[in-house]
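Assemble the complex: chain A is given as a structure, and chain B must be docked to it using the hints.
Chain residues, written in single-letter form:
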Amino acid sequence: VIATGCAAPKVDVVKEDLLVSDDEQMIWQKALEEQKDLNASGVLLQDEELHTYLNQVVRNLRPDNLPADMTFRVLVIRDSFLNAFAFPNGTIYLNTGFLARMENEAQLAALLAHEMAHCTQRHSLRVLRSIRESSKFIGSLQQSLAGVAMAATATGIRRDFEIEADIVGLDYMVAADYDPYEALRLLKHLKASIEMEKINEPYFFGTHPRVQARINEVQRLLETSYSDQHGGIKNTEIFFSKVNPVLLENACLDLRSGRFGLAQRGLEKYLQRVQNNARAYYLMGETFRQRGRRGDNAKALSYYRRATLTDPDYPEPRKAIGLIHYKKGHKALAKQFFESCLRLAPDSPDKAYIQSYIKECTEDGEG
Amino acid sequence: MIKNILLLIFVLFFSCAGGLQNSEPDYYFEVDIPEGWRKLDTNKFFLITKDGAFLQYALIQQRPLDRSFKHTRKKLKKEMLPQEAAGVIIDEIMSDKNILNFKLIQNIPAVIQGNKGFTIVFSYRDQDGSALKTLYYGFIRDNYFYNLRYTAVKKLYFDRDFETFQKFVASFRFVK
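Protein chains in written order, with our numbering: chain A, 784 to 1150; chain B, 169 to 344.
Only chain A is shown next, with the shape it has when bound in the complex (with noise of 0.2 Å):
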């Protein structure tokens, strides 16, 4: 059904009100079903003071002459993946992953407006509308097809839709006075991102071919209906006090997934604005500790030692400093840092670990 959909001829815009078609009412009453499950999916972000950040842009971004109904709300998703989505009733979703790699305002203001123009242009609408119109086989499949045609929308299958947002999307940034040219930026950063980690991210880029399309036609957009529009806000510094604790939270998913260099990098941005953060030095040891490559030891110790330093009463850097010892045979130093993670934490997750290792350094001494 989604080849018909993406083989389906062009659907002119839609003329009529919002909300008035049976087909939209569905497609909107089936979009309200799936955010319900993903919001209790567990997955969503919990940070209130990034959320109204969020919407403000929004609110920066939407245009005067919107209908009331087509109101936007950002909700981000803890995942380190590159990929943001919109709902045809204005829900965008936005992962960690893309806000961690960001610079400024005026990129995440590009990738919104992006999303919000989906939305505005009513492309899921018009996706379903496209399959019916190609398709001789409807009848019952209608609440289907209207998921296909969200899901269509969400991973731009449809080439000629991601251009008219982000055409659409680029007439919102300029009419909110944010630097169109951070949205060329931002493509080009996030290319190579892909690039150095080789990563196969799933929707918003897709592949590098896609990738570079889009930056051509942002490029030829830029040099011929914005050419005078350099300068703008980008709001760098407000940016990244909201999106920092991002970047924390990102790094676990990077390092969770195993990969290590987009976890160091995160990390590096976070510390550059943020000097001093126990959990963020923490976390860069165990990056290097977990990598495991040779000399990442000495690097994860020097790390783990800062983050003790900087809190003492910090327990995880001391278990790691004692896992490290251990594996090398240094059990009576193991043993100190282990008991001294338990002192800290007597509560610990993982007590029954700690105790374990400190059984076995007081039973053989030092090695």
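No lab work stands behind these hints, which were simulated from the structure alone. You can trust all of the hints, since none of them are fake.
Subject to a maximum C-alpha distance of 25 Å in a straight line, what follows is the list of computed SDA-like cross-link-like pairs (lysine to any residue):
#, chain 1, residue 1, chain 2, residue 2
1, B, LYS284, A, GLY1112
2, B, LYS218, B, ARG328
3, B, LYS243, B, GLY255
4, A, LYS974, B, LYS265
5, A, LYS1017, A, VAL957
6, B, LYS322, A, PRO1132
7, B, LYS246, A, LEU1116
A few chain B positions that, by computed beta-carbon distances, are all more than 12 Å from chain A:
#, residue
8, PRO202
9, ARG206
10, THR302
Pairwise CB distance ranges, derived in the manner of DEER restraints:
#, chain 1, residue 1, chain 2, residue 2, range
11, B, ASP234, A, GLN818, 37 to 45 Å
12, A, ARG1076, B, LYS323, 41 to 49 Å
13, B, VAL321, A, ASN822, 18 to 26 Å
14, B, GLN229, A, PRO846, 49 to 57 Å
15, A, ALA975, B, LYS335, 51 to 59 Å
16, A, VAL1057, B, ALA338, 46 to 54 Å
17, A, ARG1088, B, GLU203, 52 to 60 Å
As the structure is a prediction and not an experimental result, all values here were calculated from the model. Built from N, CA and C at the ideal position, the CB exists for glycine as well.
Below, chain B alone, put in the same frame as chain A:
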């Protein structure tokens, strides 16, 4: 309990496809299949169930250490401590987008047939919304990671067959 002794010879066609060089198994093991449970045919795992795999199942996997995981790029290494191996497994599970509302209930050291390993217990929801619970034993022996898992619908099924699974684990033994 009817004692069924199974000699499992891992030819590991799947492992070969994943890059393993040798096609000969390094280990054979035996387990006693609990009465009323049946073995399902799968080339990847040794999997048994009583009520159907959607409701409850137990499985054993012998996994070459150099085989990549699906969701995390981390790898298990021979020199890893059980806690570190447990960490990789938890990261793999938590990185799986089909696992929702993951909650780690327990992560402790364990000894499985004389091998130092770990036990983790966790609950989660699958994409269909079913609430499931898993008890997972794991250990590294030579070039393989062994895991013995029991997953069941949290309500009604998990507690019911918990003891049976523990006996199943206790019956696990290497024969080479």
